[in-house]
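Trainee: Sequence:
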Amino acid sequence: LAEAPPEQAQRACEEGVGAGCSALLRHFLAAPTTRAGQQDAPLPAAQRATLQRLCLQQRGGRFCTGVAEQQLIAREPALAVQALQVVCDAGRVSACERTAPLLELGADLRLVPARRLPCGLYQADGGVIDTIDFANGTQARLHEGAVHLQQDGETLVLRPLGNGDLLGMDAQTGYQRYRRVPGTAQCTPPREARDLP
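Note that this note's numbering has the sequence shown beginning at 2, numbered continuously upward.
I should point out that these hints are in silico values taken from the structure, not numbers from a laboratory.
All values derive from a computational prediction rather than experimental measurement.
Glycine included, every Cβ here is placed at the ideal spot set by N, Cα and C.
The reader is advised that the hints may include incorrect statements.
Per label pair, the in silico range of CB-to-CB distance [unchecked claim]:
1. 163 - 27: 13 to 21 Å
2. 140 - 31: 30 to 38 Å
3. 18 - 146: 34 to 42 Å
The task is simple: from the sequences and hints, build the whole structure.
Mentor: Rendered as C-alpha cells:
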C-alpha cells in the first residue's frame, strides 16, 4: 500500500487496514502543497478532517499519533488531544500523561494569541522540559501569536491557552501544559530578543 494512490489507501484504511491509514497520511504529507511551504505547514482542513475521522474510526495508535501531530501543527489542540486520547485508550501511558492535564481545561483547550511575553516560572507535569523560567536574562520574543524562547540552544515554541497556561508546540515541549507557579508574580518580564529564529 505504500505506493498505492490516495483513494486506494483511504479505502484500505476505512476497511481496517492499518497500513492503508499510514500510507494515506504519508501521501498527504508528501503532497506539493505541503512541500512547497514551510516544513511545519499545516495540512489542508479537509485532509485533517479525513484523517481525524479515520483515526476515531480505526483507532490505530501510531496513525493517531501522526494525526494528533498534524492537528497540533494546525493549532487545533482540542482535535490533537482527541486523536491522542485514542492512543491513550489503547494503553499507551505516555499518551495518557500528555492528554490528562489538557482534558482538564475543558472549554479553555483553545489557543489565544500571545500579546505580551510571559513572566515568572511555569511548570509542566513531566516531559522533556518540565520547567520554563521567564525571568531576567531569558531570551524570548513574540512571533505570530506565539512565544519563542531560547533555552539550552533550542528554540521552544509556546502558545497561550484560554486560561492563561502555555501549551508546548515544538518537538521538545509538544502537548505539555505549562502552568504558572504561584508566588512568581513579582518579576521582570524577559528581555525581547530580536535575533532568535
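Trainee: Okay, which hints does this one fail, numbers in order?
Mentor: 1
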